[in-house]
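Novice: Chain by chain, the residues run as shown.
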Amino acid sequence: MNWDLLIVALLAGGANWMFRVLPTRARTDRLTPGGPVERFLAATGPAAIGTLFVASILPLVSVSAAQLLPVVAGTSAVVGTFLFTRSVVGATLAGSVLYGLTVWALG
Amino acid sequence: MTDPRAEFRDGLTASLPIALGYGPIAFSFGVAATRAGLSAYEAVLVSLVIYAGASQFLALALFASGAPVLVSAFTLIAMNLRHVLYGPALMKAAGKEASSRQAWLWAWGLTDEVFGQALGALARGQRFSEAYMFGLGGMAYAAWVAGTAIGALAGGGALEAWPAASAALGFMLPALFLALLLSVLTRRQLPVLAVAGLVTVTGTFAISATSGILLGMLAGAVTGLVRR
Chain R
33 MNWDLLIVAL
43 LAGGANWMFR
53 VLPTRARTDR
63 LTPGGPVERF
73 LAATGPAAIG
83 TLFVASILPL
93 VSVSAAQLLP
103 VVAGTSAVVG
113 TFLFTRSVVG
123 ATLAGSVLYG
133 LTVWALG
Chain L
1038 MTDPRAEFRD
1048 GLTASLPIAL
1058 GYGPIAFSFG
1068 VAATRAGLSA
1078 YEAVLVSLVI
1088 YAGASQFLAL
1098 ALFASGAPVL
1108 VSAFTLIAMN
1118 LRHVLYGPAL
1128 MKAAGKEASS
1138 RQAWLWAWGL
1148 TDEVFGQALG
1158 ALARGQRFSE
1168 AYMFGLGGMA
1178 YAAWVAGTAI
1188 GALAGGGALE
1198 AWPAASAALG
1208 FMLPALFLAL
1218 LLSVLTRRQL
1228 PVLAVAGLVT
1238 VTGTFAISAT
1248 SGILLGMLAG
1258 AVTGLVRR
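Keeping their order, the protein sequence lines are chains R and L.
Sequential numbering from 33 applies to the first sequence in our numbering.
Sequential numbering from 1038 applies to the second sequence in our numbering.
Since the hints were made in silico from the structure, they are not lab data.
Built from N, CA and C at the ideal position, the CB exists for glycine as well.
Treat the hints with care, as some may be off.
[Unchecked claim] One-sided excerpt, in silico: chain L residues whose CB lies under 8 Å from chain R:
| no. | residue |
| --- | --- |
| 1 | Leu1057 |
| 2 | Gly1060 |
| 3 | Leu1082 |
| 4 | Ser1092 |
| 5 | Arg1119 |
| 6 | Gly1153 |
| 7 | Leu1156 |
| 8 | Ala1216 |
[Unchecked claim] Counterexamples of contact, computed for chain R against chain L with all Cβ distances above 12 Å:
| no. | residue |
| --- | --- |
| 9 | Val95 |
| 10 | Ser96 |
| 11 | Ala97 |
Please put together the full structure from these sequences, using the hints given.
Specialist: Written out as structure tokens, the structure is:
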């Protein structure tokens, strides 16, 4: 067992549990509507997801058409499927499948 | 009178698409974990204890780069700060009468997708119940851990003969984040996303990928403070 890994996992997992569980007890009605805390919290979610998307797709972006084409195909499939179905899971699977198929087609 | 078992089953049914999506992502995490040098037990332990997709992949990168324990832990903790918002938003939608007595357990499964599915179900008229949340979150958690185990046991060389499948699994995470991004996209949050994206790219190229992620999130959240 890697003890460093275990410590990191326990710290991160413990924080995850607190982030997910403790706020269910929060008195959200006491937050000032439109106040700075509410605005900061409201922006944290989209900022995190946007950041994670950029960070995850950045290594895949290339000037080479053979490498860029699957990214364009996969991204288009995600956007198209989401707009059509409003399903996060469906859009994710469609994007991934089309990305793989494009890689396969390009050999 | 409602039947908790029926509500639990409703939760399981609602969780099926999430489980189908989680399986391949968790599988690719299991494969990536063994490629990074973790044993199958360690990979499953990470999924059981952290249970947050992006954080787990980042944990592998930090583990491989030899980052200090506290720096790694802080980075992973910062990545999941957004989950703080889900509990209050869900309980607000559930109504004042909703019980959160057993939230110490079911809220552990309150991931991005489970939160989105639960909120959507409430918007479609589903009555909030803790049994439903156990079904919804439990199935997703089981799929995540099982997918990790299968991927870890299949090992790092499992997909070498299948480059297209390997590529498809590698694109699963960006695809998931893009779909989640589209699901939370509003005109009001466009400046937040623009700043977060720009700072992430700049931070990644100027400093490191980890710094880019942290700075991007922080810059985006601070942008939300600006009144428009």
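Novice: Does each hint fit the structure? Answer for all of them.
Specialist: A quick look at each hint next to the structure:
no., hint, in the structure
1, Leu1057, "holds (6 Å)"
2, Gly1060, "violated (10 Å)"
3, Leu1082, "holds (6 Å)"
4, Ser1092, "holds (6 Å)"
5, Arg1119, "holds (4 Å)"
6, Gly1153, "holds (6 Å)"
7, Leu1156, "violated (12 Å)"
8, Ala1216, "holds (4 Å)"
9, Val95, "holds (15 Å)"
10, Ser96, "holds (14 Å)"
11, Ala97, "holds (16 Å)"
When each numbered hint is compared with the structure, violations occur for hints 2, 7.
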